[in-house]
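Heads up: the protein sequence lines correspond to chains Z and F, in order.
Going by my numbering, the first sequence opens with residue 147, and the numbers climb by one from there.
Going by my numbering, the second sequence opens with residue 17, and the numbers climb by one from there.
Do not take every clue at face value.
[Said to hold, decoys possible] Now the stretches of chain F that chain Z is said to cover, found in silico as 3 or more residues with beta-carbon under 8 Å:
{"id": "1", "segment": "24-30"}
{"id": "2", "segment": "138-148"}
{"id": "3", "segment": "162-172"}
{"id": "4", "segment": "203-210"}
{"id": "5", "segment": "342-349"}
Hint data in this document are derived by calculation from the structure and do not stem from the laboratory.
Computed from a predicted model, the values in this text were never measured in an experiment.
Even glycine gets a Cβ: it sits at the ideal position worked out from N, Cα and C.
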Amino acid sequence: MELSVFGIQSTTLMVVALLTGIGLVAAALVIAGLISPRSFTTQKGKAYECGVETRGESMVQFKVGYYLFAILFLMFDVETVFLFPWAAVCRSLGPNGLLSVIVFLGVLILGLAYAWRKGALQWK
Amino acid sequence: MFDFGTITTWFDNLLESVMPGWAATVIECVIIGVALLLVYALLALFYILYERKLCAWFQCRLGPMRVGPWGLLQVFADMFKILIKELIRLENIDRFLFALAPYLVIIASMVSFAVLPWGNGLQIIDFNIGVFFMIAASSVGVLGILLAGWSSNNKYTLIGAMRSGAQMISYELSVGLSIMTMVVLAGTMSVSGLVAAQADGWLIFKGHIPAVIAFVIYLIAATGETNRGPFDLPEAEHELTAGYHTEYSGIHFGYFYLAEYLNLFIVSGIASLMFLGGWMPLHIPGWDGFNMIMDYIPSVIWFLGKAFFVSFIIIWFKWSFPRVRIDQLLALEWKYLMPIGLFNLLLMTLVVVYGWHF
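The shape of chain Z in the complex, shown without the other chains (with noise of 0.2 Å):
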């Protein structure tokens, strides 16, 4: 277990960061709750949007592109993880280490060479 300031463990102290962030947001909600003024008129409720009255549906399907691009940044994303751990002991792995990572990162640049010549880095 890793310990951090006080000698606390981290996880616990992850815990109490994240705790911070949702007692920042409800406290701030609180005092403004209490604080700000409070209206209503038939026009607020409205969605701004760009300031001229909202036609139609607004949660719409959107452009496929943006999913292209998520697929992509998950297989990546991915890569990452498994790199990360080799990346912190590589210096011990010596030539053998960088042999293999070679292999590695080869197949994911030929998997973007392949999503290159496709078109999916085209906005369309």
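With the hints as your guide, set chain F onto chain Z.
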């Protein structure tokens, strides 16, 4: 250098001597929480003023001058004003997700904020996978932005959130790769270990060419990840009103504002941790007198100074480059930064394996 650990250990022993262990732990946790909150809020206020003043100076203006000397109290006035603004209850929104979004954004920045090394012995969370944890925690923020855009029932916020999401996840990869490059050089992922590894020279000097390439990639990618500078198209005001937080009012909007400035500080803090030595002072081998003078500067000032310097560069970007289009933005990441980052990682591995670094 003064070790703040002596103070915390002394305080811990003092508490342990007068009360049972669990009570001491609870009190210490509360102290840490309050300290986090205070530093978080004060840094956000400082950063708002810092950016406004810098923006003004870049444009030959004075910036805020009326409230307090040189406008120093302007941010406090702004904060109070945003608190007394009405929280508008909108119709047709997804109330739960709408309320949840600011929590996610703030939590993401607060947790990654707590990992930063503030000074000698002044570090709150110290995992052995600290850097990895920091990347993981900060990437939760994108969820909040996507939720905010989706739940607002507004087409413009949806477009803004999608742009922001695509941009943040893309640039996160380059941030991760350049950090990984430095992990290869330092051989550790723990934040305290990384700082300790830079006692005999900052990593950007030790790693020479690949480290400098990684630093440049990191700066560009960090600017993209925080939606700033030339990459601020999620908030392109002439196209999208204000981006994903258009429908948020009062303090609800304030959270996004706060998190944006804190994220700027966090990426600058990570840059100073990974490349510029964390809180380690600048030492030049052989210049003993110079090194001794540098040791007298407190470690907190070293860390904050480096972070503010990196922030200055990132703010500078904003006033030097025109805003890019979404296709240019994604092409820059996926066709340039990403392949360069991958090859730079291999180059760094080569340098480390054959011992060609300092």
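Numbered hints the structure breaks, given as an ascending list: Nothing - there is no hint that the structure violates, so all of them hold.
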